[in-house]
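Asker: Chains A and B supply the protein sequences, listed in that same order.
Numbered per my numbering, the first sequence spans residues 84 to 252.
Numbered per my numbering, the second sequence spans residues 81 to 199.
I should point out that these hints are in silico values taken from the structure, not numbers from a laboratory.
Here a beta-carbon is modelled for each residue, glycine too, at the ideal position from N, C-alpha and C.
Some hints here could point you the wrong way.
Said to hold, decoys possible - Partial list, derived from the structure: chain B residues whose beta carbon lies under 7 Å from chain A: (1) Met102; (2) Gly112; (3) Thr114; (4) Val176.
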Amino acid sequence: MVKSDVSDNLKEKAIAKKTAVRTSIKAEKRRVATSVKGVVKRSEKSANSKVHTGKLELLITIVNRKKADFYQDLLQGFEVNMQLACRARGTARAQTLALLGLEDSPKTAIFSIIREDKIPDALAALETKFQTIKDGGGVAYTVPLTSVIGVAIYGFLSNNDKTVKEDKQ
Amino acid sequence: MKTFEHQLIICIVNEGFSDLVMDTAREVGARGGTVVSARGTANKEAEQLFRIDIQPQKEMVMIVVPTALRDDVLHALYKEVGLNTPGQGIAIAMPVDNVVGISDGKPNAEKSENDTDKK
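So here's chain A without its partners, still in its complex pose (with noise of 0.2 Å):
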C-alpha cells in the first residue's frame, strides 16, 4: 500500500513538472514572438518614417553681387536652410576691365549647405538661371562633406524636422 502512494506521489509529482515546463516554454515563445514582432514594425516604422540618412555637401555659388540675394532665394527653395554670403570679386586683369570699361567686378560666394539628393534639381536650375538672366552668370560647384556633429545640426542642415523630434524625445 505504501509503496502505491509513494508511486503514486512521484507520478504526480512528474506530470506537475512536466506541465509547468511546458508552460514556462509557451510563455517565452510568446515573450519571443512579441518581441520578434515589436522589432518588426519598429524596422517598419523607420523604414516608413521620413528620416533622411543622405550625405550633405557643401554647395559653393559664385555669382554678381547684384544678383546675390536672387540666387540665395533660388537656393532656398532647394531645402538649403543655411546660407553664408561673402563678398569676393573676380580674377579678370586690371587691364582687360579696363578695355571694356569696368572698374571691378563685384561677386559674392555663397556656401550652402545642401542634401546629396537636392544637388541634380539645384544645379539644374542655377544652369538654367545662369544661361537665361541677364548680368545673371555664374559658377557653382558642391565639395562632399565627411563629417557633421550633433543631431539637431544634422535635422537642420538637411531640413529634417523628424530627427529634431526624435531627439526632444
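Go by the hints and put chain B onto chain A.
Answerer: Relative to chain A, chain B alone:
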C-alpha cells in the same frame, strides 16, 4: 572609389597677393578664380616659435581646375607665393564633384594647343 574631374584649390595669402596667385595659376593652365577677403588667426606662440610675423588681413583665392592640373598649380603656388615668400601663402586642394558654369573643362594652355593643332 569615386573619381573627381575637378579640384578646388584654395590659396590663402597676405592681402595684395591675390593677383600674383592668379598669374601663377594661369601660367600653368588655370582659367579664373574668385577672391574673398579674410582675416587670419595665427597662434602667437607659434609665430614666436617659427619666427614669422603673420599679417592678419588675408585674401582667399578659390580656383577650380581639372584634376590633371592640380599638382602643377599647387607646385607653382608653393614656389611663387609659398610660406617662404612675402605672400606667405598656404594652398590646399579638395575634390569637387558637380561643376556648373564653366564653359568647358579645358584650361587655356590646353585649348591654345588644340587650336594650333587644328590650324
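Asker: If a hint holds in the structure, say so; if it does not, say that too.
Answerer: Quick rundown of the hints versus the structure:
no., hint, result
1, Met102, "4 Å, holds"
2, Gly112, "6 Å, holds"
3, Thr114, "5 Å, holds"
4, Val176, "5 Å, holds"
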